[in-house]
Every structure is written in C-alpha cells, then in structure tokens.
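Taken in sequence, the protein lines are chains L and Y. Residues in the first sequence are numbered from 868 upward in steps of one, following the working numbering. Residues in the second sequence are numbered from 5 upward in steps of one, following the working numbering.
Among the hints, a few may not be true.
[What the hints assert, rightly or not] Derived BS3-like pairs: lysine-lysine, alpha-carbon spacing no greater than 27 Å straight-line:
id, chain 1, residue 1, chain 2, residue 2
1, L, Lys869, L, Lys895
2, L, Lys895, L, Lys989
3, Y, Lys10, L, Lys995
4, Y, Lys10, L, Lys989
If you're looking for bench data, these hints aren't it; they were derived computationally from the structure.
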Amino acid sequence: MKIDVTPVPFEPWALVRLHEQALASRAKVGACAVFVGTMRDINEGDEVRAMTLEHYPGMTERHLTRIAEEAEQRWGLQDVLVVHRVGQLLPADPIVLVAVWAGHRREAFEACRFIMEDLKSKAPFWKKEQLDAGERWVEHNTPGH
Amino acid sequence: MAITVKFFASLRERVGVEMTTRPYRDGLTPADLWRDVLPDTPIPGNVLVAVNMDYATPDRVLTDGDEVAFFPPVTGGAA
C-alpha cells in the first residue's frame, strides 16, 4: 500500500504502471480499478484560472492510510495506491489518483469507489479557486452517487 | 504542557489565527478553547473538530498536550 500527498505534479498512468510492476502478488490480481480526478477550468459557471489545495499535514496522510487499510480488509485487496496533489494547480492537472488491485472486478470497483467517496467527504483537504474576479474557497463537494 | 490549537483554510482566514497555544485545565473541551480564542465569534454549525488528528466532537474532554484543530467542511478530490 502506498499513500502520497505531494506538492509536485504527477503523471497518474506512469505511477500506476510503476506500482503494478512492483506488486508482489501480481498472479493473484484479476482486476485493477483506477480513478483519476483532474482539475476543470470551470466551476459554478465561472472560469477558474488556478487552484490552491491546502491540507492538514499529518492528519491527511493518516486519514488516507486508514481508508486504504479499511478497504484492503473489507474487500481483501492485493494492493492500494492513493496519490493526492496539494499546492498550486492548473486546469487539466491531475488532483487525485486511486488505484486498487483485487482478485475480481466487483471488489476492485467497489473498493475504488469507497476510497474515493470517503476521501472526498472526510480527508482534510480544502480547495481555493483563483478566478478573474479574485479568490474563493470551495465550500462544498459535489455528490458522487 | 499546553494545548495546541490550529485553524485551517477559510476558517483560518476568517478568524485570523493559524496556530496558538492555551494552558491546559481539567475538563477542558474544544468548545471551551474556541470560546477562549474567539470570545466574540460563536462556533460555526458546520465546523469540524479534530483532536490529535482524529475527528472528535466539540465536547470531547481533552488531555494535557493534545493538539486541537478546527476546520471547515473538506473539499478534496475531484469531479
């Protein structure tokens, strides 16, 4: 399992490939589900030029680790990779990567979604958007179901 | 020892405090700390509280040395 909160831009597909190559239990894996979230250039009808993502160093990593461990146990996963950007982002930048490796597709889909929804509703991250008219904090998340 | 108090994101900007410390006393709760630091600001209904980096309720009784954080609803992830 790997959890990473990084101020450095990342390339999700390269990270998935690297992580998969290092999997100890590759022969047990029948399914891999991947979610990649990227930054859009529009929100609530306004053009967004850039975005700053703040987190709570320590608690954020701890919470993500806990979610991933819970998913591993609940769905008997072979491995989990979660990467989340912080700092200054531009439109089209990847924000979040959740990849899970499981025996079968049902476990993979369900665990990937569980981690993503829990992350969105509970992991301590906050977005601030930079618009032409100034800055604003994003006050609530879109529902995922 | 003392209690460390942290504020994050829009809440930090609103209250104008990033981090402060307060002396510990028996029975102290996050709600007491909020009133100590911000006597003129009622605690917002949607504020989230963490004690030692775990979610907690504002009436949780603290232990000396605890770290208490107040923050707004979280907005991570994407799409």
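We went through each hint and held it up to the structure:
no.	hint	verdict
1	L:Lys869 <-> L:Lys895	holds, 19 Å
2	L:Lys895 <-> L:Lys989	violated, 31 Å
3	Y:Lys10 <-> L:Lys995	holds, 19 Å
4	Y:Lys10 <-> L:Lys989	holds, 18 Å
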